[in-house]
Amino acid sequence: MSEVLIKIDNILKKYDDNVVLDGLSLDIHEGEVVVVVGPSGCGKSTLLRCINALEPIQGGMITFRGEKIDGRSKTITALRQKIGMVFQSYELFPHKTILDNIILAPMKVQKRSRADARKEAEELLDRVGLLDKKDSFPRQLSGGQKQRVAIVRALCMHPDVLLFDEVTAALDPEMVREVLDVILSLAKQWKTMVIVTHEMSFARAVADRIIFIDQGKIVEEGTPSEFFDHPKTERAQAFLQTFTFDKVEKEA
Amino acid sequence: MTSLGLDVLFKGINMQRLLAGLWVSLRISLIAIAISIFLGLVVGWLMTRKNIVIKAITRVYLEIVRIMPQMVLLFIVFFGTTRLFGWNIDAEVSSVIVFSFWGVAEMSDLVRSSLISIPKHQYESAYALGMSEVQTYLSVIIPQTFRRLVPLAINLITRMIKTTSLVMMIGVVEVLKVGQQIIEANRKSSPNAAFGVYLTVFILYFIVCWPISMFSKKLEKKWS
Ligand SMILES: Nc1ncnc2c1ncn2[C@@H]1O[C@H](COP(=O)(O)OP(=O)(O)OP(=O)(O)O)[C@@H](O)[C@H]1O
Ligand SMILES: [Mg+2]
Numbered sequence: 001m002s003e004v005l006i007k008i009d010n011i012l013k014k015y016d017d018n019v020v021l022d023g024l025s026l027d028i029h030e031g032e033v034v035v036v037v038g039p040s041g042c043g044k045s046t047l048l049r050c051i052n053a054l055e056p057i058q059g060g061m062i063t064f065r066g067e068k069i070d071g072r073s074k075t076i077t078a079l080r081q082k083i084g085m086v087f088q089s090y091e092l093f094p095h096k097t098i099l100d101n102i103i104l105a106p107m108k109v110q111k112r113s114r115a116d117a118r119k120e121a122e123e124l125l126d127r128v129g130l131l132d133k134k135d136s137f138p139r140q141l142s143g144g145q146k147q148r149v150a151i152v153r154a155l156c157m158h159p160d161v162l163l164f165d166e167v168t169a170a171l172d173p174e175m176v177r178e179v180l181d182v183i184l185s186l187a188k189q190w191k192t193m194v195i196v197t198h199e200m201s202f203a204r205a206v207a208d209r210i211i212f213i214d215q216g217k218i219v220e221e222g223t224p225s226e227f228f229d230h231p232k233t234e235r236a237q238a239f240l241q242t243f244t245f246d247k248v249e250k251e252a
Numbered sequence: 001m002t003s004l005g006l007d008v009l010f011k012g013i014n015m016q017r018l019l020a021g022l023w024v025s026l027r028i029s030l031i032a033i034a035i036s037i038f039l040g041l042v043v044g045w046l047m048t049r050k051n052i053v054i055k056a057i058t059r060v061y062l063e064i065v066r067i068m069p070q071m072v073l074l075f076i077v078f079f080g081t082t083r084l085f086g087w088n089i090d091a092e093v094s095s096v097i098v099f100s101f102w103g104v105a106e107m108s109d110l111v112r113s114s115l116i117s118i119p120k121h122q123y124e125s126a127y128a129l130g131m132s133e134v135q136t137y138l139s140v141i142i143p144q145t146f147r148r149l150v151p152l153a154i155n156l157i158t159r160m161i162k163t164t165s166l167v168m169m170i171g172v173v174e175v176l177k178v179g180q181q182i183i184e185a186n187r188k189s190s191p192n193a194a195f196g197v198y199l200t201v202f203i204l205y206f207i208v209c210w211p212i213s214m215f216s217k218k219l220e221k222k223w224s
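Going down the list, the sequences are from chains V and L.
Sequential numbering of the first sequence, starting at 1, is according to the numbering used here.
Sequential numbering of the second sequence, starting at 1, is according to the numbering used here.
No lab work stands behind these hints, which were simulated from the structure alone.
Misleading hints may appear alongside valid ones.
Claimed, not checked - Each pair of labels, with its calculated beta carbon distance range: (1) V/Lys68 to L/Leu138: 51 to 61 Å; (2) L/Trp210 to V/Asp160: 53 to 63 Å; (3) L/Leu46 to V/Phe243: 48 to 58 Å; (4) V/Lys111 to L/Glu63: 46 to 56 Å; (5) V/Thr75 to L/Leu46: 28 to 38 Å; (6) L/Leu138 to V/Lys74: 14 to 24 Å; (7) V/Gln110 to L/Arg49: 50 to 60 Å; (8) V/Lys74 to L/Asn51: 23 to 33 Å; (9) V/Gln110 to L/Met214: 38 to 48 Å; (10) V/Arg127 to L/Phe206: 22 to 32 Å; (11) V/Glu123 to L/Ile64: 52 to 62 Å; (12) V/Leu240 to L/Glu63: 51 to 61 Å; (13) V/Arg177 to L/His121: 23 to 33 Å; (14) V/Trp190 to L/Ile116: 38 to 48 Å.
As the list claims (entries may be wrong) - Coverage of chain L stretches by chain V, computed from C-beta distances (three or more under 8 Å per stretch; other residues unrestricted): (15) 124-130; (16) 143-155.
Nothing here was measured: the structure is a model prediction, and the numbers come from that model.
Positions of the beta carbon are idealized from the N, C-alpha and C atoms, including for glycine.
All chains, please: the whole structure from these sequences, using the hints.
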């Protein structure tokens, strides 16, 4: 198997006395697409936020290529550049145009020239079909378009891994596809990704490995076909049940 | 002309006197506004920190300013301090003190509310891109705060300019006071002077405040 990129080692995450992640361990390998699923409130978002130190952890350790991830260390901004994140609510900067949203961090953080950052941003926008929107403001775009821009913004930093937190959950159904297609094309290019989603058919298509979390612990993991077709644990079976509906039998 | 009472304005140097009075009003408000903006930014930012002591002090300060009519504050600073401490504060200085005391409170509350109206996710998406705290503030948070703050601050500024008419109560001869003096002096010769003079004062205030609020509207439109 390829090299371990992110090593999550027995982490503990609490909010006050509420334990959210409880001794969770997970290795993410280079080029791998890991999809995290589980019931609402089980700690999926928290896990992603711990990976790029938006949340401090109270125990265990997370390393990126062997380097410890710590929100208080001086190297955290360098590490975060390697870890792209896309949020459910897009979080574009409303006062900047699409192009300026994308090139802000490459220019400020990586000190790239405007021309260079701009050239790459335009190429990436073109790839997701949004080049004509480069001078628009976020408010002028649909949800699906904003989310594609958010992905481009993360990509323009050349991250080694991308974290997606339910990036289609706020979208109208007809816009889900255009965003998922972008992620699928990234998977084809061997991008390393950790994806939290409630779209089960997408999870099956994109994942190399499914992680099922419940109550802050990994309950089950396996390939998509192992997990979806032959879930081993009762909790995973019950979780998958919630996505299927039996034909209504009308009462006599 | 005579019936509207506008004739008194052209008697002697009455118009210049009114304009000089306007300048007194503006001088007081401009100094107070400058102090309010500067200190308001600092205090407002402090208010968003999680320090309990700062929170308590600013809270009490804000409440006092909200409860007290500006006129009472003027009397306290101008007459009260003379009685109590034997300080002899000039009326215009007293006015600047009171208006700054008021302006800093309101301004800092505006700064605070603009700052906390920026969602936490805006900070986080900047951090997730590898931006430092300073870069995040400079490029993401402050520009957005500023856009929310400017229309609110301009509203405060025009209110401060208007409210300076109160300072005549402690003997500052500003535009309204000059107007009253002119009316008094011409009571016999032009009994309608009140209308003409107050109309002129109204127009003078309008000329000062209108461009400011137009400017604000324009910015708001540009940024919306
Ligand atoms: N800032 C916070 N302060 C306190 N508790 C929090 C905070 N953020 C999350 N939690 C709690 O942590 C738990 C896990 O939350 P998390 O957002 O990680 O769940 P999730 O698996 O992403 O759920 P969903 O599918 O609904 O997004 C929840 O019980 C939540 O109430
Ligand atoms: Mg979540």
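| task | Hint by hint, work out which the structure violates, then give me just those numbers in ascending order. | result | Numbers 1, 7, 10 - these are the hints that the structure violates, sorted from lowest upward.
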